[in-house]
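As given, the protein sequences belong to chains A and B, one line each in that order. Every letter in the first sequence is one number past the one before it in this note's numbering, and letter 35, counting from 1, is 35. Add 154 to the 1-based position in the second sequence for this note's numbering, that's all there is to it.
One thing to keep in mind: the hints can contain errors.
Below, in silico cross-link-like pairs of lysine to aspartate or glutamate (EDC-like), each with a Cα-Cα straight-line distance of 20 Å or less [to be verified]:
#: 1; chain 1: B; residue 1: K540; chain 2: B; residue 2: D259
#: 2; chain 1: A; residue 1: K92; chain 2: B; residue 2: E849
#: 3; chain 1: A; residue 1: K92; chain 2: B; residue 2: D799
#: 4; chain 1: A; residue 1: K92; chain 2: B; residue 2: D364
Source of the hints: derived by calculation from the structure; they are not laboratory data. All values derive from a computational prediction rather than experimental measurement.
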Amino acid sequence: MTTSVTINGRPCALRADPATPLLYVLRNELRLNGAKFGCGMGQCGACTVILDGKPVFSCVTPLGALEGRSVRTVEGLGSAERPGRLQAAFIKHQAAQCGYCIAGMLTRAQALLERNPHPTEREIRSHMEPNLCRCGTHHRILAAIREAARGDAA
Amino acid sequence: MKAIDTARRAVLRRGALVLGFSLLPAAARAEFNAMGLPPLANPRLAGSLKNTPLLDAWIRVAPDGRVTVCSGKVELGTGLRTALMQIALEQLELAPADIRFIGGDTALTPNEGFTAGSHSVADSGSALLHASAQVAALLREGAAAQWKTAADTVSLRAGRAVAMDGRSMHYGEALRGLRAPGLHRIARESSPLRDPARYRLIGKPVPRVDIPAKVSGGAAYVQDMRLPGMLHARVVRPPRPGARLAQVDLDAVWRLPGVRKVVRDGSYLAVLAEDEWPAITAMNALAASARWEGGAPLPLPQDIHATLQGLRAEDIVILQRGRPRMTPGAGVQARHTKQYVMHGSIGPSCAVGRLADGVLTVWTHTQGVFPLRAALAELVNMPLDKVRCIHTEGAGCYGQNGADDVAADAALLACAVPGVPVRVQLMRDQENLWEPYAPAMVTSVHAQLDARGRIDQWQYELWSGSHNERPGNAGKLVPAWLLAQPILPSPSLPMPQPEGGGDRNAIPLYDIPNARVVNHFLPVTPLRTSAMRSLGAHLNIVTIESTLDQLAALAGADPVRFRLDHLASQPRARAVVERAAERFGWNADAQPVPHRGRGFGFGQYKNLMAYVAIAVDIAYDPDLHRVRILRVACAADCGQVVNPDGARNQLEGAIIQSASWTLHEQLRYGPDGIASIDWSSYPILRFSGVPERIEVDLLDRPGQPFLGVAEAAQGPMAAALANALAQATGVRRFQLPLLG
Chain A
1 MTTSVTINGR
11 PCALRADPAT
21 PLLYVLRNEL
31 RLNGAKFGCG
41 MGQCGACTVI
51 LDGKPVFSCV
61 TPLGALEGRS
71 VRTVEGLGSA
81 ERPGRLQAAF
91 IKHQAAQCGY
101 CIAGMLTRAQ
111 ALLERNPHPT
121 EREIRSHMEP
131 NLCRCGTHHR
141 ILAAIREAAR
151 GDAA
Chain B
155 MKAIDTARRA
165 VLRRGALVLG
175 FSLLPAAARA
185 EFNAMGLPPL
195 ANPRLAGSLK
205 NTPLLDAWIR
215 VAPDGRVTVC
225 SGKVELGTGL
235 RTALMQIALE
245 QLELAPADIR
255 FIGGDTALTP
265 NEGFTAGSHS
275 VADSGSALLH
285 ASAQVAALLR
295 EGAAAQWKTA
305 ADTVSLRAGR
315 AVAMDGRSMH
325 YGEALRGLRA
335 PGLHRIARES
345 SPLRDPARYR
355 LIGKPVPRVD
365 IPAKVSGGAA
375 YVQDMRLPGM
385 LHARVVRPPR
395 PGARLAQVDL
405 DAVWRLPGVR
415 KVVRDGSYLA
425 VLAEDEWPAI
435 TAMNALAASA
445 RWEGGAPLPL
455 PQDIHATLQG
465 LRAEDIVILQ
475 RGRPRMTPGA
485 GVQARHTKQY
495 VMHGSIGPSC
505 AVGRLADGVL
515 TVWTHTQGVF
525 PLRAALAELV
535 NMPLDKVRCI
545 HTEGAGCYGQ
555 NGADDVAADA
565 ALLACAVPGV
575 PVRVQLMRDQ
585 ENLWEPYAPA
595 MVTSVHAQLD
605 ARGRIDQWQY
615 ELWSGSHNER
625 PGNAGKLVPA
635 WLLAQPILPS
645 PSLPMPQPEG
655 GGDRNAIPLY
665 DIPNARVVNH
675 FLPVTPLRTS
685 AMRSLGAHLN
695 IVTIESTLDQ
705 LAALAGADPV
715 RFRLDHLASQ
725 PRARAVVERA
735 AERFGWNADA
745 QPVPHRGRGF
755 GFGQYKNLMA
765 YVAIAVDIAY
775 DPDLHRVRIL
785 RVACAADCGQ
795 VVNPDGARNQ
805 LEGAIIQSAS
815 WTLHEQLRYG
825 PDGIASIDWS
835 SYPILRFSGV
845 PERIEVDLLD
855 RPGQPFLGVA
865 EAAQGPMAAA
875 LANALAQATG
885 VRRFQLPLLG
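Next comes chain A alone, as it looks inside the complex:
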């Protein structure tokens, strides 16, 4: 038995047990590094991916709930060689220290910008609230999101 899910635009028949959290399917069956294990309880956002346009915690989203749905990870936003607009803004602002939280920050912010291309500062901060950064890179993350929202990033 498999579960059919579109991952970064590509249809995938996933073999993992339907009870498996999406995080482990992405990381192990699909060998995607972006989503990270942080807490396993939806408290930190390191595992954030975009499910049908909304940011979700992949660590608490079972594969079985995803039949026929569409998931995007940070890999779907661009690559190191050809970064997407938001990724380019993160690079420009050097918006990472250890970077472990950053893929989750990018996916959460991407979901906001697709729904609301010109968010206010308050909207950005409140949208990003679920995601934790321990290094204190918040200001650079906010600057990168603002820049991508203005649309003048490379």
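Got chain A sorted already, so can you dock chain B onto it with the hints?
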């Protein structure tokens, strides 16, 4: 380096450790204790060349001209890799993309002990600055000999040695012209260094080499490793320190789908599975079937400081100046406290191990691959040269988190399945329950002014457990305690001045004629503790700077003016204080606004490294007991700046992290054990709480030594907040966290 290895192996043999350490000379003992460094080879060399003077330990040139740069320091998410590349490539005339850089591999790099204490640019950077300048000179010399011309007519350009007439050769060819070929030679005591005014990489905001992979899902962390045939492991730790495993049903777990092996050794429990989720499922089943007995009861948080002051202490007088003697008169007397704080890495610790062909390899995000290797060799009873530790990045650690412990798990489990690679990651609650916390501390200060309103008397004491429980012997690693034949930790030792541990920054930099400072080092405390960014400097600077503000008020002086008046002999300290005040727009005549507070904090990290001054503006909401940080103005002098954007990033991060510790963070615990198992029971600052504005000014000092910066803002930011909150509320708080 062979001789050093042999010595360390002898020292670290199981059971011989205490004796071994006592046989070392005092200086060596201090080095092992504090930074895990090998002995000095030549104290007149720069940075870590002192310990590892061979040029080819740092810079290698292959016959085809390709350059490899090695450092014993590791990337902890601070941008160090990029900064070290900038330094090493400045005079080699190469770009970061042209070379291979290796940071922290016991088979390939120098032993630089731990990447800690804001030492890395000073130690490794200085070594690379000098080694690369000497290598550049040798390249010119080698090329010149082949062209039969003078070395000063040869220049280096984009990886080639170039003659005046335009002939050129790559670096591999150039080296062949040396009378004794190659770079396997001892560094000289002086180096032909470039004039800092002509730097093309040092001092420039070179983009970090690691960020593109981190924003795009590239393999950037040890968590991302997938070796062929790799098993996923999970461990089961006891519910509280000291508990022993009484009973467990291994057979039921063996039968679960995907499980390949269940390991029990005394109270040590783990499961290995073909995939990660089955490993977690099996871990849960194993934990559910385990029955534990005993364990050491913990005190209550409200009793911890009295408990600490009642413990057996090693009393060390670290300063005795003038005639410290209190008289009746205007003064300040206070006792400040700090609760246990957690490192709180976003990624729980992880390691990969493999035992193949008689060699145990462990990929680890430890801060010290060499000290860890020694501990692991002892743990699995293998010779040191059969164990290799390769640094691979993890989440930011800010000190000793679970990295070394999980590396021990990977070593033990790799040995249980020879030939098969094993990846093991801790779960969130395991990381939280077993990491070595930043110690709870107590300080006591009594200070007095003279008749002119200057500080005349200063008496200071502090009580703290160990800030350094790094390996060390194998007993410094949690898994070693749990084995049927446990290995106990070697005794805790104080870290000596001038850097200090709990007493880091306990000596005020200010001009005070009569002073006495005593460190009460507590070898045994209720909880396991170790290094966390800035160590004791966090609370010591809070105490000193809170006291300065109170003394200034007694003297009727503006706090910034009062600090400057006591820093007459410290021009660089004055410069950062003045710059921060200017950037903030500090006005000595400003009238207080209800529920608003401005505060100032200053410190020179360890009284040796970067100078940081910070002014903050906060708003306090008395109904919600909440603080909004409206503005932070920071000025820093970290000597010659290597990467200004990197230094700013570190300072901004330190300001936010320190705000989180200082306002909010405290470990929850009680007689039943640790209760801070997740982010709801250990909240840290989120986006809504970070300062609204942060401005950082760097006072660059071209040509001056590199001073570490990564930890330097923790104390000053905390102090500025304490002083601002005192003004905003009208009540000074002496307990950290301030809002606890």
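Taking only the CA atoms, is the gap from B/K540 to B/D259 under or equal to 20 Å?
holds, 13 Å
Keeping to a limit of 20 Å between CA atoms, is the pair of A/K92 and B/D799 held or broken?
holds, 11 Å
Restraint status (C-alpha distance of A/K92 to B/E849 at most 20 Å)
holds, 18 Å
Given hint B/D364 paired with A/K92 - CA-CA distance at most 20 Å:
holds, 13 Å
Checked against the numbered hints given earlier, this structure breaks none of them.
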